[in-house]
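Asks: In the UniProt record's numbering, the protein residues as written are 1 to 222.
If you are wondering where the hints come from, they were derived from the structure by calculation, not from laboratory data. Take the hints with a grain of salt, since some may be wrong.
[Unchecked claim] Cross-link-like lysine-lysine pairs, in silico, DSSO-like; alpha carbons within 30 Å at most:
(1) 105 <-> 51
(2) 91 <-> 14
(3) 105 <-> 14
(4) 105 <-> 91
(5) 51 <-> 91
(6) 51 <-> 14
[As the list claims (entries may be wrong)] Computed Cβ-Cβ distance ranges for the label pairs, DEER-style:
(7) 113 <-> 55: 18 to 24 Å
(8) 39 <-> 19: 20 to 26 Å
(9) 113 <-> 39: 36 to 42 Å
(10) 113 <-> 59: 18 to 24 Å
(11) 36 <-> 76: 36 to 42 Å
(12) 64 <-> 105: 35 to 41 Å
(13) 33 <-> 102: 32 to 38 Å
(14) 34 <-> 71: 25 to 31 Å
(15) 43 <-> 80: 39 to 45 Å
(16) 36 <-> 86: 19 to 25 Å
(17) 63 <-> 106: 18 to 24 Å
(18) 83 <-> 39: 25 to 31 Å
(19) 11 <-> 71: 38 to 44 Å
Ideal Cβ placement from N, Cα and C applies to all residues, glycine included.
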Amino acid sequence: MGTRMCGGEPAVRKGPWTLEEDLILVSYISQNGEGSWDNLARSAGLNRNGKSCRLRWLNYLRPGVRRGSITPEEDMVIRELHSRWGNRWSKIAKHLPGRTDNEIKNYWRTKIHRKPRGRSQLQEPCEDAMGMGMSTSEAASTSASSSQSQASSTVWDEYMQASSLPHPELASFAADHHLEMAGVDEVAAAAAQFVPTEFGFNDGFWNFVDNFWETMPVSDMV
DNA sequence: AACTTATTCAACCGCATAATG
DNA sequence: ACATTATGCGGTTGAATAAGT
């Protein structure tokens with residue numbers, strides 16, 4: 001996989017992103033902003049198509065993207081919103097700060113609405129993740145995914161040291177994640193005090209978000 | 001230890017819609 | 001009004017790895 005050759009011409013790269021590509025993409029966007037993805041890919045010198053760049057940025061490299069296990073509160077929100085909207089992953093993701101549609105979709109498929117793949121279908125019935133005690137596979141997944149997600153964190157480590165990026169505006173964060181949520185202004189204002197000056201959000205911010213879910217009934221959200 | 005099966009999740013694909021000329 | 005291009009979304013796949021035998 002990865003690069004495919006086509007009549008000797010180097011094809012547009014596919015497959016997993018390398019550290020170098022991540023760095024190129026991040027530093028390019030930090031200087032020129034996101035959008036115009038096809039053009040961005042060309043201008044940045046990335047041998048990728050625009051869609052691939054967009055996906056990589058939105059799901060993994062963008063500041064504020066939250067990694068790690070889905071919390072019980074998030075699980076609850078996902079279930080509630082899915083019951084209301086169905087597979088509207090991006091819409092659901094807007095109500096889960098830092099989570100992406102892709103991540104929620106994967107979570108739903110693998111943890112909530114488990115549909116066995118592969119040969120043996122006679123596996124255990126849909127185990128309900130409501131138990132929330134993360135199953136053994138959950139714990140395993142953290143280490144399983146480490147190889148790839150670790151690449152991203154390494155990128156950030158290097159990037160943080162090498163660049164002096166302006167801090168992303170909280171407003172844009174709120175716009176990205178809370179747009180349709182009731183009380184967005186209050187959330188943004190209250191969360192602002194936790195936002196550190198460096199790139200990214202600190203624990204206080206996420207604690208705030210977690211607490212927010214406890215106090216904000218799902219039914220209050222648009 | 002070697003092999004098989006199950007699981008996870010990053011990334012791709014195709015389609016729909018929006019934006020632009 | 002139409003054609004073309006860009007963007008966004010949801011479904012699906014496949015490599016990597018864990019778990020089981």
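Asks: For each hint, tell me whether it holds in the structure or not.
Replies: How the hints compare with the structure:
The straight-line distance between the Cα atoms of residue 105 and residue 51 is roughly 18 Å, inside the 30 Å bound, and the hint therefore holds. For the hint pairing residue 91 with residue 14, the CA-to-CA distance comes to about 27 Å; that is within 30 Å, so the pair holds. Restraint check: the Cα-Cα separation between residue 105 and residue 14 comes to about 22 Å, which is no more than 30 Å; the hinted pair holds. Proposed proximity of residue 105 and residue 91 is supported: the alpha carbons are some 11 Å apart, at most 30 Å.
At roughly 20 Å between alpha-carbon atoms, residue 51 and residue 91 fall within 30 Å of each other, so this suggested pair holds. The hinted pair formed by residue 51 and residue 14 meets the criterion: a straight-line CA distance of about 11 Å does not exceed 30 Å. A beta carbon spacing of about 23 Å between residue 113 and residue 55 agrees with the range 18 to 24 Å that was offered as a hint. For the pair residue 39 and residue 19, the supplied restraint of 20 to 26 Å holds, since their beta-carbon distance comes to about 23 Å.
For the pair residue 113 and residue 39, the supplied restraint of 36 to 42 Å holds, since their beta-carbon distance comes to about 38 Å. Distance hint check: the CB atoms of residue 113 and residue 59 are about 21 Å apart, consistent with the given range 18 to 24 Å. For the hinted restraint 36 to 42 Å between residue 36 and residue 76, the CB-CB distance of approximately 38 Å keeps it satisfied. Distance hint for residue 64 and residue 105: a CB-CB separation of about 19 Å, inconsistent with the stated range 35 to 41 Å.
Distance hint check: the CB atoms of residue 33 and residue 102 are about 22 Å apart, inconsistent with the given range 32 to 38 Å. At roughly 28 Å, the beta-carbon separation of residue 34 and residue 71 lies within the given 25 to 31 Å, and the hint holds. At about 42 Å, the CB distance of residue 43 to residue 80 agrees with the hint of 39 to 45 Å. Checked against the hint of 19 to 25 Å, the C-beta distance between residue 36 and residue 86 comes to roughly 32 Å, which is inconsistent with it.
At about 21 Å, the CB distance of residue 63 to residue 106 agrees with the hint of 18 to 24 Å. The hinted window of 25 to 31 Å between residue 83 and residue 39 is violated, with their beta carbons roughly 40 Å apart. The beta-carbon spacing between residue 11 and residue 71, approximately 41 Å, falls within the hinted interval of 38 to 44 Å.
In summary, the numbered hints that this structure violates are 12, 13, 16, 18.
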